[in-house]
Amino acid sequence: MRHTRQWIVVLFVLAMIASACSSGGSSTTTTEAVATTEAQTTTTEAQTTTTEAQTTTTALDCTVANLNLVTPGQLTVATGEPAFPPWVGTVDGEGFDDPTSKLGFEAALVYDIAEQLGFSDDQVIWTRVGFNEAIAPGPKDWDFDIQQYSITADREEVVDFSEPYYTTHQALVVFPDSPYANATSVDDLKDAILGAQVGTTSLDFIEEVIQPNTAPFVYDENVDLEAAMNAGQIDGLVVDLPTAYYVTAVQVEGSIIAGEFTTMSANPDNYGILFAKGNPLVPCVNQAIDTLKANGTLQDLEDTFLTQGGAIPQISG
Amino acid sequence: MTEPTTVGSGGPVNPGPPPRRREEGARAALIAFFSTLIFFGLVIWAVLTSPAWPRVQQQFFNPQRFAASFPAILHGFWLDIKMFLVAEVVILTLSLAIAMIRALRGPAFFPLRVLAVTFIDIFRGIPVILLILLLGFGVPALQLPGLPRNALFWGLTALIISYSAYTAEVYRAGIESVHESQRMSARALGLTQGQALRYVIVPQAIRNVIPALLNGFVSLQKDVALVLVLGIREAVREADIYAAKTFNYTGYIGATVLFLVVSIPAARFTDWYTERDRRRRQAVSV
Numbered sequence: 000m001r002h003t004r005q006w007i008v009v010l011f012v013l014a015m016i017a018s019a020c021s022s023g024g025s026s027t028t029t030t031e032a033v034a035t036t037e038a039q040t041t042t043t044e045a046q047t048t049t050t051e052a053q054t055t056t057t058a059l060d061c062t063v064a065n066l067n068l069v070t071p072g073q074l075t076v077a078t079g080e081p082a083f084p085p086w087v088g089t090v091d092g093e094g095f096d097d098p099t100s101k102l103g104f105e106a107a108l109v110y111d112i113a114e115q116l117g118f119s120d121d122q123v124i125w126t127r128v129g130f131n132e133a134i135a136p137g138p139k140d141w142d143f144d145i146q147q148y149s150i151t152a153d154r155e156e157v158v159d160f161s162e163p164y165y166t167t168h169q170a171l172v173v174f175p176d177s178p179y180a181n182a183t184s185v186d187d188l189k190d191a192i193l194g195a196q197v198g199t200t201s202l203d204f205i206e207e208v209i210q211p212n213t214a215p216f217v218y219d220e221n222v223d224l225e226a227a228m229n230a231g232q233i234d235g236l237v238v239d240l241p242t243a244y245y246v247t248a249v250q251v252e253g254s255i256i257a258g259e260f261t262t263m264s265a266n267p268d269n270y271g272i273l274f275a276k277g278n279p280l281v282p283c284v285n286q287a288i289d290t291l292k293a294n295g296t297l298q299d300l301e302d303t304f305l306t307q308g309g310a311i312p313q314i315s316g
Numbered sequence: 000m001t002e003p004t005t006v007g008s009g010g011p012v013n014p015g016p017p018p019r020r021r022e023e024g025a026r027a028a029l030i031a032f033f034s035t036l037i038f039f040g041l042v043i044w045a046v047l048t049s050p051a052w053p054r055v056q057q058q059f060f061n062p063q064r065f066a067a068s069f070p071a072i073l074h075g076f077w078l079d080i081k082m083f084l085v086a087e088v089v090i091l092t093l094s095l096a097i098a099m100i101r102a103l104r105g106p107a108f109f110p111l112r113v114l115a116v117t118f119i120d121i122f123r124g125i126p127v128i129l130l131i132l133l134l135g136f137g138v139p140a141l142q143l144p145g146l147p148r149n150a151l152f153w154g155l156t157a158l159i160i161s162y163s164a165y166t167a168e169v170y171r172a173g174i175e176s177v178h179e180s181q182r183m184s185a186r187a188l189g190l191t192q193g194q195a196l197r198y199v200i201v202p203q204a205i206r207n208v209i210p211a212l213l214n215g216f217v218s219l220q221k222d223v224a225l226v227l228v229l230g231i232r233e234a235v236r237e238a239d240i241y242a243a244k245t246f247n248y249t250g251y252i253g254a255t256v257l258f259l260v261v262s263i264p265a266a267r268f269t270d271w272y273t274e275r276d277r278r279r280r281q282a283v284s285v
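Here the protein sequences come in this chain order: H and S. With the first letter of the first sequence counted as 1, position 198 gets the number 197 in numbering that gives the first Met the number 0; the numbers rise by one all the way through. With the first letter of the second sequence counted as 1, position 203 gets the number 202 in numbering that gives the first Met the number 0; the numbers rise by one all the way through.
Some hints here could point you the wrong way.
Unchecked claim - Covered stretches of chain H, as calculated for chain S (at least 3 residues, CB under 8 Å):
no.	segment
1	156 to 166
2	217 to 223
3	231 to 237
Treat the hints as calculated values from the structure; they're not laboratory data. Beta carbons: idealized from backbone N, C-alpha and C, even for Gly.
Can you build the whole structure from these sequences, using the hints too?
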């Protein structure tokens with residue numbers, strides 16, 4: 000009897016967990032979104048008889064009133080917390096963690112995309128989301144998330160990405176007295192103890208291209224990397240080049256960029272804006288990015304926020 | 000372990016359950032069986048038919064992803080086990096020392112007692128994860144000569160300090176549960192204060208708190224994963240890396256299974272041990 004009762008309690012707890020999971024995941028906006036896109040395509044096919052109807056439905060309707068938005072009339076944009084320069088705020092510290100300042104590459108880009116879509120500046124609402132939170136299944140309370148997500152095939156099974164808005168190289172940050180400060184090829188780095196942030200192509204790059212003898216240390220946040228660097232627990236850290244400028248300028252006092260890696264990892268380091276799977280907003284944002292590429296705005300933003308003076312040494316593959 | 004043998008070993012008082020009670024037991028078991036079956040069946044049905052289930056299954060219970068992520072997670076779990084074993088031995092020793100210092104009587108030992116109480120108050124009051132971050136990133140950054148900088152070392156030290164503060168209180172409860180007459184008898188026989196503690200009080204105290212200590216084992220066995228904040232590649236971190244890379248959470252299930260494989264038997268053992276100890280004591284008192 001006592002054992003039966005124990006088992007009932009165990010089963011009950013399991014059942015509670017299971018039902019909690021199911022209620023959390025039910026009726027996601029993503030599945031609804033998929034359903035609406037499917038509905039749209041079927042109506043397109045049905046209306047193929049009249050050419051007029053066809054042109055109106057196939058041409059993208061990206062007017063604000065017809066966009067699929069979390070809050071109608073507003074563009075709700077998520078980014079990390081804190082959001083680091085030069086992505087949000089400049090390397091000099093202006094507009095740090097304040098995307099509404101329009102300073103920083105991603106902050107400025109979002110306002111340019113919003114303008115293309117027909118939003119005024121005060122219709123852009125910023126929210127914050129953690130990396131894991133952003134990719135978890137279930138409804139999202141933002142329209143898209145921009146925080147240097149690398150586009151990979153694995154990830155595209157779960158979420159949607161915009162077209163790439165930036166392609167980057169990885170860079171190595173060390174202290175000047177480090178034995179790896181003068182590395183010229185990845186072979187010089189075999190004995191280095193390196194660190195990277197979880198979920199970055201920087202980590203993939205270390206494991207796939209550098210392949211050091213000691214497995215790299217992996218941290219949740221950029222700040223932990225810097226703490227480990229200051230604590231002397233890692234010889235160097237790998238980040239994308241624009242982030243490396245900020246790390247050396249501000250976060251790790253006295254550190255330098257040992258070099259920029261000329262080889263790409265197996266995954267090209269293309270940054271894309273992240274959407275919930277099936278979000279019909281994607282083609283509209285892609286159209287905006289295309290326009291910004293074509294009219295040179297994207298290049299201007301790169302020149303303003305991401306490219307710093309001075310030659311960076313190259314580390315070959 | 001079944002009910003009849005327990006009653007049987009209960010000895011001379013109870014010759015065996017009357018037939019009516021046995022029948023009631025069988026009926027209750029039958030009801031329990033079917034209600035469990037129906038309840039559990041309904042829950043599974045609700046989960047499997049929920050509209051988001053295919054997506055959740057793809058993201059959490061994907062066999063290919065499981066196979067792909069498991070080797071690294073298993074490798075990380077081995078590190079968890081090693082950390083646990085090392086930490087547990089140090090914790091059991093250190094915390095007993097602290098508890099014994101706290102149990103010392105007499106004004107001469109006042110400063111030592113103050114030290115012990117301060118240690119317990121401070122380190123029991125800090126969240127483990129905060130202590131790991133403070134020691135792991137903070138102390139090495141001081142760059143004091145002679146101090147190690149190793150992340151694993153400081154992560155383990157933080158766990159040991161925090162758990163020792165807790166475990167010292169468990170020991171103290173055990174020491175205080177031993178009747179005062181035991182101490183007085185020991186002193187009357189000519190044992191010094193230290194000897195009375197060592198040979199009379201502590202052996203009884205430990206026996207009293209073994210279930211609580213085992214409970215602490217289970218807790219520590221999971222908490223070693225917290226050192227992941229220092230960049231250490233243990234099981235949860237490996238699962239994390241896989242999830243962040245692929246946006247697929249199946250690796251977390253792999254890590255969960257590994258932790259359960261160790262912690263469930265440990266919990267069962269704790270129950271079994273407690274039960275056996277209780278029965279033995281009852282046998283003595285009869």
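How does the segment 231 to 237 of chain H fare against chain S when you require at least three residues with a CB closer than 8 Å, holds or violated? Since 3 is at least three, the answer is holds.
> If you look at each residue in the segment 156 to 166 of chain H, do at least three have a Cβ nearer than 8 Å to any Cβ of chain S?
Replying inline: holds (count 3)
### Query
Count the residues of the segment 217 to 223 of chain H with a beta-carbon closer than 8 Å to any beta-carbon of chain S: does the count reach three?
With 4 residues close enough to chain S, the hint holds.
Of the numbered hints listed earlier, not one is contradicted by the structure.
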